[in-house]
Amino acid sequence: MMNQVAFRGMDLEAIDRRLYELKYEELTARRILNLKTDIPAGAETYAYDVMTRSGVAKILANNADDVPFVDVDTRREFQRIYSIVAGFAYTVQEQRAAQMTGQTIDSTKAGVARRAVAEKENRLAWIGDPDFNIPGLINATGIQTTNVPPRADGTSTKWKDKTGEEIVEDVRIVRSLVSVLPGHMTAPLALALPPNQFEILNSRYNEYDSRTVLQVIQSYNWFRSIDRAPELRGAGTGGTDSMLIFDASSEVMELLLPMDMMRHDPEWEFPKWKFVVEERCGGVVIRYPMAIARGDGI
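All residue numbers for the sequence shown refer to my numbering, where the first residue is 1 and numbers rise by one.
Just to be clear, a hint being listed does not mean it is correct.
[As the list claims (entries may be wrong)] In silico SDA-like links for lysine to any residue, alpha-carbon gap of 25 Å or less:
| # | residue 1 | residue 2 |
| --- | --- | --- |
| 1 | K158 | G42 |
| 2 | K109 | V277 |
| 3 | K36 | N122 |
No lab work stands behind these hints, which were simulated from the structure alone.
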């Protein structure tokens, strides 16, 4: 233990400041989805019901007794919960150099570890992980998918080739797949877009209207939030870019987070101290997949 250099309190504080620093651009799923945190960190699975509704109402004639009954079909689903981990290390020489100058140790490594965990959490939420049977918002069984129509001349479906009016119409079409569902006409929907298409929304709507495409969409009050999600790049059929419109209320979906990111105590193994960052996450629980609509080809 002669070569072991103890970590100073000021060094650990610097690491933790960087580790737990909020970086909202790294946590797009958290900005949109409700978190389900009332699960023990030691839980291995989470059970929930996926619901489909059957039956419709009717007008009842005088003296008739044929009342239609509605029902809710449910199936029990089990979602696994896993640890997301990332590690970093500091050598004794890095510690000596910091102590020699009276500075705290460089906490950049902690920031890199935080970002790695955040990126994996986002990927689980949006895309899932087929190796561990975790579904994502983009590809969960039962979501609605459609191809956006081509521009007026029929040559391209991509937003970079479309007018502001055509882009807004694409959004309206995909949104309607969710808004026509019972109980979702006024639901607080979310719109997520790849970075390039999100930037296209900042272009002018048309030569007669100085508003941006984004401002026009916002004027309709269709969405409670409009966010960029890099995971939607190439997520559609044939590797095309996609938009995603969904009801992000807790009744429809939640992000399983039994244990938020935490730093374990450092472990010494010559010639370095090793740090492990862990989070317990189960991806997104989707109780009503029909409330998610994906538009491909944008």
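Task: Unmet hints by their number, sorted upward, for this structure - done: Violated hint (a single one): 1; every other hint is consistent with the structure.
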